[in-house]
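Student: The listed protein sequences derive, respectively, from chains A and B. Heads up, the first sequence stops at 205 in the working numbering, and the numbers go up one at a time, no gaps. Heads up, the second sequence stops at 81 in the working numbering, and the numbers go up one at a time, no gaps.
Since the hints were derived computationally from the structure, they do not count as laboratory data. Idealized CB from N, CA, C, for every residue including glycine. Worth double-checking, as some hints may not be accurate.
[Stated by the list, open to error] With the C-beta cut set under 8 Å, the calculated list includes, among others, these residues of chain A facing chain B:
(1) 18
(2) 41
(3) 102
(4) 103
(5) 104
(6) 128
(7) 162
(8) 179
(9) 193
[Claimed, not checked] Pairwise CB distance ranges (calculated):
(10) B/14 - A/201: 13 to 23 Å
(11) B/77 - A/113: 33 to 43 Å
(12) A/120 - B/20: 25 to 35 Å
(13) A/116 - B/81: 31 to 41 Å
(14) A/109 - B/81: 39 to 49 Å
(15) B/5 - A/101: 27 to 37 Å
(16) B/22 - A/143: 48 to 58 Å
(17) B/14 - A/26: 43 to 53 Å
(18) B/27 - A/101: 18 to 28 Å
(19) B/81 - A/143: 29 to 39 Å
(20) A/169 - B/17: 13 to 23 Å
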Amino acid sequence: MVAGSREAGAVADEATLLARMQAGDDDAFEACVRAYSGRLLAVARRMLGHEEDARDAVQDAFLSAFKGIGRFEGLSRIGTWLHRIVVNAALSRLRTRERRPEMSIEDLLPHFGEGEHQVDPPAPWKTTSVAIVQQQEMRRLVQSCINRLPESYRIVLLLRDIEGLSTEETAQTLDSTIGVVKTRLHRARQALRSLLDPYFREGEV
Amino acid sequence: MNCREFTEFLHEYLFGNLPAEERAEFEKHLAECPWCVAYLDGYRKTIQLEQAAFASAEDAPPPADAPEELIQAILQARSRS
């Protein structure tokens, strides 16, 4: 991946960079911020959907990381460590901001009628669904549907499916349980399926 | 197995380590129910779509650098702290 090789070039020797930061080298801190801030900002934007909040979360994350740099043993990659910290910084911003009115998850889940069949029978989706999402317009559509999910479901979906945290890590990050995370993820994907259905059903434009 | 049970637990079928006997229940239902085949297909595609919506296209440029003003704000805040 292009981003990977670029990053590898910027922080070719992680152990050296870490040692320099732990020794208080200003240039090393700057190199770290330049190497990782773009990627961390993308994570914060996905989670917060608000530019100013996202920038504040990235700043909080770096400051908190630098404060704890002496305790970081380098057992994970610097990028992985910073990723966790920015996720937490974004979550704490989410917790403090006013809740927006949201749809009920129940309205987005399948409903069952006689014979336990779905009231609105599922139809096949276009075979080209995944290919057409390469178009900018379709990517925006999927992103906006994700943003319409109720917050506690949207966050689990982002952490598991997009940010790549495991079920255990997600439960730990959200101070929840593995069972709750599994159920929320399934409900979130079902709800997102309902929101996307009108656009991807076979026969629809 | 009915459609409600299939829909409720299909993530276990897709990602769980179900014993062969339980997997067979799901597969038997799928063989009989085109609606659940369609539901499962859309569920799978939903996951692919969410990931594709945030992934960079292969020919896209690398993720943009953070704005210089943010970088400077972080560095200044660090020197103050």
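Student: Against this structure, judge whether each hint is valid.
Tutor: So, going through the hints one by one against the coordinates:
| no. | hint | in the structure |
| --- | --- | --- |
| 1 | 18 | 16 Å, violated |
| 2 | 41 | 5 Å, holds |
| 3 | 102 | 18 Å, violated |
| 4 | 103 | 17 Å, violated |
| 5 | 104 | 18 Å, violated |
| 6 | 128 | 10 Å, violated |
| 7 | 162 | 5 Å, holds |
| 8 | 179 | 12 Å, violated |
| 9 | 193 | 4 Å, holds |
| 10 | B/14 - A/201: 13 to 23 Å | 21 Å, holds |
| 11 | B/77 - A/113: 33 to 43 Å | 58 Å, violated |
| 12 | A/120 - B/20: 25 to 35 Å | 33 Å, holds |
| 13 | A/116 - B/81: 31 to 41 Å | 59 Å, violated |
| 14 | A/109 - B/81: 39 to 49 Å | 46 Å, holds |
| 15 | B/5 - A/101: 27 to 37 Å | 33 Å, holds |
| 16 | B/22 - A/143: 48 to 58 Å | 35 Å, violated |
| 17 | B/14 - A/26: 43 to 53 Å | 49 Å, holds |
| 18 | B/27 - A/101: 18 to 28 Å | 42 Å, violated |
| 19 | B/81 - A/143: 29 to 39 Å | 34 Å, holds |
| 20 | A/169 - B/17: 13 to 23 Å | 19 Å, holds |
When the structure is compared with the earlier hints, violations turn up for hints 1, 3, 4, 5, 6, 8, 11, 13, 16 and 18 and for no others.
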